[in-house]
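Participant: Numbering-wise (full-length UniProt numbering), the sequence shown opens with residue 1 and increments by one.
Nothing false has been slipped in among the hints.
Only pairs whose alpha carbons sit at most 25 angstroms apart, straight line, appear in this in silico DSS-like list of lysine-lysine:
#1 Lys44 <-> Lys34
#2 Lys157 <-> Lys34
#3 Lys154 <-> Lys40
#4 Lys182 <-> Lys154
#5 Lys188 <-> Lys253
#6 Lys44 <-> Lys154
#7 Lys157 <-> Lys54
#8 Lys182 <-> Lys157
#9 Lys163 <-> Lys182
#10 Lys40 <-> Lys157
#11 Lys54 <-> Lys38
#12 Lys54 <-> Lys182
#13 Lys188 <-> Lys163
#14 Lys182 <-> Lys253
#15 Lys154 <-> Lys38
#16 Lys370 <-> Lys344
#17 Lys54 <-> Lys44
#18 Lys40 <-> Lys54
#19 Lys54 <-> Lys154
#20 Lys38 <-> Lys157
#21 Lys34 <-> Lys54
#22 Lys154 <-> Lys34
Restraint ranges, calculated between C-beta atoms of paired labels, are given here:
#23 Lys38 <-> Leu161: 31 to 41 angstroms
#24 Tyr302 <-> Ile177: 14 to 24 angstroms
#25 Thr303 <-> Gln155: 38 to 48 angstroms
#26 Leu161 <-> Asp190: 14 to 24 angstroms
Think of the hints as simulated: they come from the structure by calculation, not from any bench.
Small disclaimer: the values here were computed from a predicted structure and weren't measured.
Even for Gly, the Cβ is constructed at its ideal location relative to N, Cα and C.
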Amino acid sequence: MRNPKVKMEICWSAEIIASNLDLLTEILLWTPAKSLMKFKCVSKRWHSLISDPKFCINHARCQRMLNRTADALMLSNCFKSTPEFQLVPLEHSIKVPFFDYFNASEVLIRHSCNGLLLCYCNLMLDKPEYVKTKKIKNCGRSEFRYLVCNPTTKQLKMLSLPKHVYLSLSLAFDPLISPYYKVVCICKGDSSGETFQIDVYSSETESWSLLPTLFTMPLGMTYSNGVFLDGSVHWYSYAETSLYFHIDSQSVKQMPMPWMFLSEGINLDIMYFGESRGHMHLVLTKDRSSLEFDVFEMEFEYTGWSLSYHVNLQSMRMVFPELTWNFINKNAVFSVLSIIQGEKDEEKKAVIFVDGRVMSYNLCDGTSIKICDLEPIPGHSDFARVTWHYEGCQAYAYFQSLVSV
1 MRNPKVKMEI
11 CWSAEIIASN
21 LDLLTEILLW
31 TPAKSLMKFK
41 CVSKRWHSLI
51 SDPKFCINHA
61 RCQRMLNRTA
71 DALMLSNCFK
81 STPEFQLVPL
91 EHSIKVPFFD
101 YFNASEVLIR
111 HSCNGLLLCY
121 CNLMLDKPEY
131 VKTKKIKNCG
141 RSEFRYLVCN
151 PTTKQLKMLS
161 LPKHVYLSLS
171 LAFDPLISPY
181 YKVVCICKGD
191 SSGETFQIDV
201 YSSETESWSL
211 LPTLFTMPLG
221 MTYSNGVFLD
231 GSVHWYSYAE
241 TSLYFHIDSQ
251 SVKQMPMPWM
261 FLSEGINLDI
271 MYFGESRGHM
281 HLVLTKDRSS
291 LEFDVFEMEF
301 EYTGWSLSYH
311 VNLQSMRMVF
321 PELTWNFINK
331 NAVFSVLSII
341 QGEKDEEKKA
351 VIFVDGRVMS
361 YNLCDGTSIK
371 ICDLEPIPGH
381 SDFARVTWHY
391 EGCQAYAYFQ
401 SLVSV
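Between the sequences and the hints, there should be enough to build the whole structure, so can you do that?
Facilitator: Right, here's the structure in full:
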């Protein structure tokens, strides 16, 4: 039985903390966002404090310094007509966000950045009508729109579209730099389609700003999967160089690609392009059926790419003999969903999808563990062994955050 004196001291300490706003704020700043959402119910005072935009951005800054590793990866759900996503937990068990509050029949994630998501949605403008049998009589009007949302707080902001013909949109947000986010859009510069421009949306002004500078893209540049790092949005290409856009200087600059793209006759497959803990990674392979790939890391000030690891997944195949590797389709043998930079180099890992499972491969010692099983596509037979179709799908980093949109 607990000593009554000790119990009184604990209650007294809790009252002191609760009555001291500065002390309470300091403690809550280091508390995970999901817990704070529940703490709003403690009292009106706590609700007011946790809902304060100033507290929210300070909390995001503390959490970014405390833990720069994503809580989970959200996988694109292009096979579903429901706003639900597969979630791959990276740190601990985490609940799958469900976007039913969107009032949308279809939700596609286009980009993620430090707790915010850029989504493309088929929004319902009218409520569907039903007959007595509860079958849909009229599906109602709908339209596709872009919006920015915070899946933790369930806040969303619908964006106006750029006036020019746009090709891609990327989200740029770092709470350590600014409480406001930006959306970087690549637009066609003229009717010929040979030149392009950058259009930038600012959440501070809630407006777009078209930059006058025209630029051309390197051959084979992929502009749909931008990576935000150090105040810039980066895109990869299959040429000698690619491009990145530096937001503060509003300038488009060249970024080198690995030296292999200079050699003729070498067919390379870019399996992954992303960042983790301030490190930008690129994963290349010549042949997925070999179960081999190379992990490159961008060097300081864009001086080039260095080969960090050469990986052979034969060790994973031997440790997990129950895995089925689809060698018939060379593009679907396995996928690299992400490269996770740990606090220490020996904690660096590759997140691999194979045979309906997500695996973690330690890049330093070559050990593998299973993270989770993915749900198969509804309506497909497990016997067919083609029930997942996550090969080559985009994985989006999910961070818990309280920041407002």
